[in-house]
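Student: Heads up: the protein sequence lines correspond to chains A and B, in order.
The first sequence lines up with residues 3 to 283 when you count with this note's numbering.
The second sequence lines up with residues 3 to 283 when you count with this note's numbering.
If you are wondering where the hints come from, they were derived from the structure by calculation, not from laboratory data.
Watch out, some of these pointers could steer you wrong.
Heads up, the list lumps identical chains together, so a pair's fine if it works in one copy or across two of them.
27 angstroms max Cα-Cα, derived DSS-like pairs, lysine-lysine [claimed, not checked]:
| # | residue 1 | residue 2 |
| --- | --- | --- |
| 1 | K202 | K113 |
| 2 | K110 | K225 |
| 3 | K255 | K81 |
| 4 | K262 | K110 |
| 5 | K262 | K239 |
| 6 | K110 | K208 |
| 7 | K255 | K202 |
2 protein chains.
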Amino acid sequence: MNITSIIGTGLIGGSMALKLKEKGFTERVIGVDNNLENLAQAKDLGIIDDALSLEEAIAISDLIILAIPVDAVKKLLPKVLDLVTDFQTVMDVGSTKANLVHTIEQHKNRKRYVASHPMWGTENSGPSAAQHNAFTGKAAIICNPEDSAKDALELVKKVYETLEMNLLFMDADAHDVHTAYISHISHITSYALANTVLEKEREEDKIFQLASSGFSSTVRLAKSHPEMWVPIFRQNKENVLDVLNEHISQLRKFKSALEKENYEFLEELIVNANRIRGILK
Amino acid sequence: MNITSIIGTGLIGGSMALKLKEKGFTERVIGVDNNLENLAQAKDLGIIDDALSLEEAIAISDLIILAIPVDAVKKLLPKVLDLVTDFQTVMDVGSTKANLVHTIEQHKNRKRYVASHPMWGTENSGPSAAQHNAFTGKAAIICNPEDSAKDALELVKKVYETLEMNLLFMDADAHDVHTAYISHISHITSYALANTVLEKEREEDKIFQLASSGFSSTVRLAKSHPEMWVPIFRQNKENVLDVLNEHISQLRKFKSALEKENYEFLEELIVNANRIRGILK
Chain A
3 MNITSIIGTG
13 LIGGSMALKL
23 KEKGFTERVI
33 GVDNNLENLA
43 QAKDLGIIDD
53 ALSLEEAIAI
63 SDLIILAIPV
73 DAVKKLLPKV
83 LDLVTDFQTV
93 MDVGSTKANL
103 VHTIEQHKNR
113 KRYVASHPMW
123 GTENSGPSAA
133 QHNAFTGKAA
143 IICNPEDSAK
153 DALELVKKVY
163 ETLEMNLLFM
173 DADAHDVHTA
183 YISHISHITS
193 YALANTVLEK
203 EREEDKIFQL
213 ASSGFSSTVR
223 LAKSHPEMWV
233 PIFRQNKENV
243 LDVLNEHISQ
253 LRKFKSALEK
263 ENYEFLEELI
273 VNANRIRGIL
283 K
Chain B
3 MNITSIIGTG
13 LIGGSMALKL
23 KEKGFTERVI
33 GVDNNLENLA
43 QAKDLGIIDD
53 ALSLEEAIAI
63 SDLIILAIPV
73 DAVKKLLPKV
83 LDLVTDFQTV
93 MDVGSTKANL
103 VHTIEQHKNR
113 KRYVASHPMW
123 GTENSGPSAA
133 QHNAFTGKAA
143 IICNPEDSAK
153 DALELVKKVY
163 ETLEMNLLFM
173 DADAHDVHTA
183 YISHISHITS
193 YALANTVLEK
203 EREEDKIFQL
213 ASSGFSSTVR
223 LAKSHPEMWV
233 PIFRQNKENV
243 LDVLNEHISQ
253 LRKFKSALEK
263 ENYEFLEELI
273 VNANRIRGIL
283 K
């Protein structure tokens, strides 16, 4: 393929660009970003070949990838679709899908768009956080494939195959339910844990000195930026609230077991949680 | 030093033995374990030189390290202290300290014991999980050093220096408060998160397929065994409950922000949690 535009040259867009170029999927990568510092850095790092304006980039691209926060995708996607022809394909990589596909379901160029979500990320951001083999072995979800043109769908499938991801197909609503469980709640847990420790442990140097690898791994996601996560929680509010209520009630069981000194119940709760060992490697 | 006995040849005892032997801190390592399978495996893996009974091992050892669950330490430590002379040193590596030092404060050989806690662990257990450089760069806490004989204290300090750990000194009560914040609550969070996902996500294959690195890292500790963790929560009940109550109230803030669609408040909560980035590398 000839030209790919990456709208948003951060962690995800940057990591995709690196691999797509490296594997010869695309000859040229154009970067589009309001953040001129990120854009310059992406060029310095060899993530993009050129920087152009949105309109200039769309005019010459075969594939346009939106890799920006989900609120920005929601605003920008209709405008991008306004500008594309039947020979161009548009995709995004956001962590919410139902709200977005609803927004553009009546768009005349809906078929040029493929809704998808590569399930990878880190707590870091910006082009300097981009990684060459970020996505290998992880899941990529394509939503509502029947609403996309066949050639657009094939191209996006090829993108994820090039990224060495495991493809799954799912309804956008089901996607948002599953990601609330598997991804979104982990972030809330981690943010709340960080706030708990920051509230209780007034001596910050103690946190630094004592932090074990267990604490660091549980609290890692709490470093993730609000620009990305507030819009995700907002767009997936109902599902996130549903799972958050369940999580609070699960924590209350631990609280009750301790308060009542019911250590058999505490053990049961832990034995049940241990089942995750059989599910995750 | 001549002979070190490791009571409990699992993850922690095994990892300590490997390093202490490798760095020439001790000439010979004796393993003591009720679990004969672990004992045989520890010998096969070169973690211990010989397996002996508790009494035989204590009779010939310069240093005795208890690396067993904290309830077992509480039972066994007085018996071990009964058997030692003024030329021997006893230490444990458990994650709770206040309850334990209280148990043996009147023991005639109290001074031969040094209370300490190396802040490292993984979700795995048994000698096969032992690692050569497990402790390097992590914190080791010595509690109530004034209650130990000077030579015993010096020996235990040398153990942690050999393990390449950063030494901290703390009152046993303060230790239990800090570990509740930094370590124990992370485990409860992780267990409760696993239970949440297992409750809500009935399709276990979906968890397996979709699990992102974020989810895996947040839920990793949920694989930890109840034999180790129930006694820790039990012995540190008051502190753990205190921090668990705070954690539930922090999660309620996220719930309230979402329910009221107060996204500025949601952003504030996340920005506050992001402070952890400046504290943890």
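Student: Please go over all the hints and tell whether each is borne out by the structure.
Tutor: So, going through the hints one by one against the coordinates:
Neither within a single protomer nor between protomers do K202 and K113 lie at most 27 angstroms apart by alpha-carbon distance, with minima of 52 angstroms and 33 angstroms respectively. With identical chains, the CA atoms of K110 and K225 are never at most 27 angstroms apart, being 40 angstroms at best within one copy and 50 angstroms at best between copies. For the homomeric pair K255 and K81, neither the shortest alpha-carbon distance inside one copy (48 angstroms) nor that between copies (36 angstroms) is at most 27 angstroms. Taking CA atoms no more than 27 angstroms apart as the test, K262 paired with K110 passes in neither setting, with 61 angstroms inside one copy and 35 angstroms between copies.
Only between protomers do K262 and K239 lie at most 27 angstroms apart by alpha-carbon distance; the minimum there is 11 angstroms, versus 34 angstroms within a single protomer. In this assembly of identical chains, the alpha carbons of K110 and K208 never lie at most 27 angstroms apart, being 58 angstroms within a copy and 34 angstroms across copies at closest. In this assembly of identical chains, K255 and K202 lie within 27 angstroms of each other by CA distance both inside one copy and across copies; the values are 22 angstroms within and 16 angstroms between.
Hint violations for this structure: numbers 1, 2, 3, 4 and 6, all remaining hints satisfied.
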